[in-house]
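Make the full structure from the sequences, and use the hints.
If you read the sequence shown in the working numbering, its first letter stands for residue 220, the second for the next number, and so on.
There may be inaccurate statements among the hints.
Pair by pair, the computed Cβ-Cβ distance ranges are [as the list claims (entries may be wrong)]:
| hint | residue 1 | residue 2 | range |
| --- | --- | --- | --- |
| 1 | 443 | 276 | 23 to 31 angstroms |
| 2 | 377 | 453 | 42 to 50 angstroms |
| 3 | 379 | 453 | 38 to 46 angstroms |
| 4 | 263 | 374 | 29 to 37 angstroms |
Calculated from the structure, these hints are not laboratory results. Only a predicted model underlies this, so the values are computations on that prediction, with no experimental measurement involved. All C-beta atoms, glycine included, are put in the ideal place defined by N, C-alpha and C.
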Amino acid sequence: MRGSVLILAGTAEARAVCAAVRDLEVLASLAGATARPAALGVPTRVGGFGGEAGFAAALAGMAAVLDATHPYAARISERASRLCASRGLPYLRLMRAGWPARRGWRVHADAEAAARALPPGARVFLSVGPGSLAPFLGRGLHLICRRIDPAPPRSGVTWVIGRPPFPVEAEAALFRAHGITDLVTKDSGGPAAKLDAAEALGIAVHVIARPPPPPGEETDDIDRAIAFVRAHAADRDPG
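Below is the structure:
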């Protein structure tokens with residue numbers, strides 16, 4: 220039976236799906252990591268569900284779940300996959316493809332391994348998100364981190380404020396201005412401007428590998444994700 224579909228959002232792919240299903244009964248959810256997230260154009264819940272019990276309660280009114288969270292939102296995806304399976308609820312993970320490996324990349328299992336690989340005194344552009352910052356602190360590194368929202372001062376960290384997209388030329392100018400020697404990034408996929416800029420400037424690139432995906436159906440095809448939502452979501456009441 221068609222009903223309301225929960226879209227776990229937070230990525231450009233999620234925005235694309237939401238834009239295509241505004242005529243349907245959907246509820247998008249954002250974790251609330253960004254203070255002023257871009258509007259999705261559909262009813263949106265910001266701030267999560269209050270833990271596993273809250274998420275389980277929210278699923279009671281859903282016909283299906285599209286998980287279009289970030290490739291590294293492992294805990295959110297694991298919980299969604301597991302609870303949907305236990306309820307027999309249709310679940311699809313929309314996972315953008317990772318970047319093809321390039322010559323010279325150093326791939327690390329996690330943030331801790333990447334931090335250990337950096338030489339003291341390195342000037343590091345750290346593109347890992349605030350939740351993965353801790354392993355890089357206190358190691359004698361000069362960290363340059365980009366955020367969408369302003370952040371309080373922190374010893375050893377230079378904050379750069381900006382919202383994507385970022386052209387290759389702008390990334391290269393930023394790296395030169397800060398004397399970047401190393402780039403650390405998650406294998407997020409999508410636009411690769413920072414990788415192109417680092418390659419052009421001879422900057423060492425460290426890539427943190429993706430966590431294992433949760434059990435369940437997965438695709439990197441936005442059209443397939445839209446079709447999944449359309450198959451399970453009821454038409455929205457125009458009134």
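Going down the list of hints, with the structure as the test:
| no. | hint | verdict |
| --- | --- | --- |
| 1 | 443 to 276: 23 to 31 angstroms | 29 angstroms, holds |
| 2 | 377 to 453: 42 to 50 angstroms | 49 angstroms, holds |
| 3 | 379 to 453: 38 to 46 angstroms | 44 angstroms, holds |
| 4 | 263 to 374: 29 to 37 angstroms | 36 angstroms, holds |
Violated hints are absent here; each numbered hint is respected by the structure.
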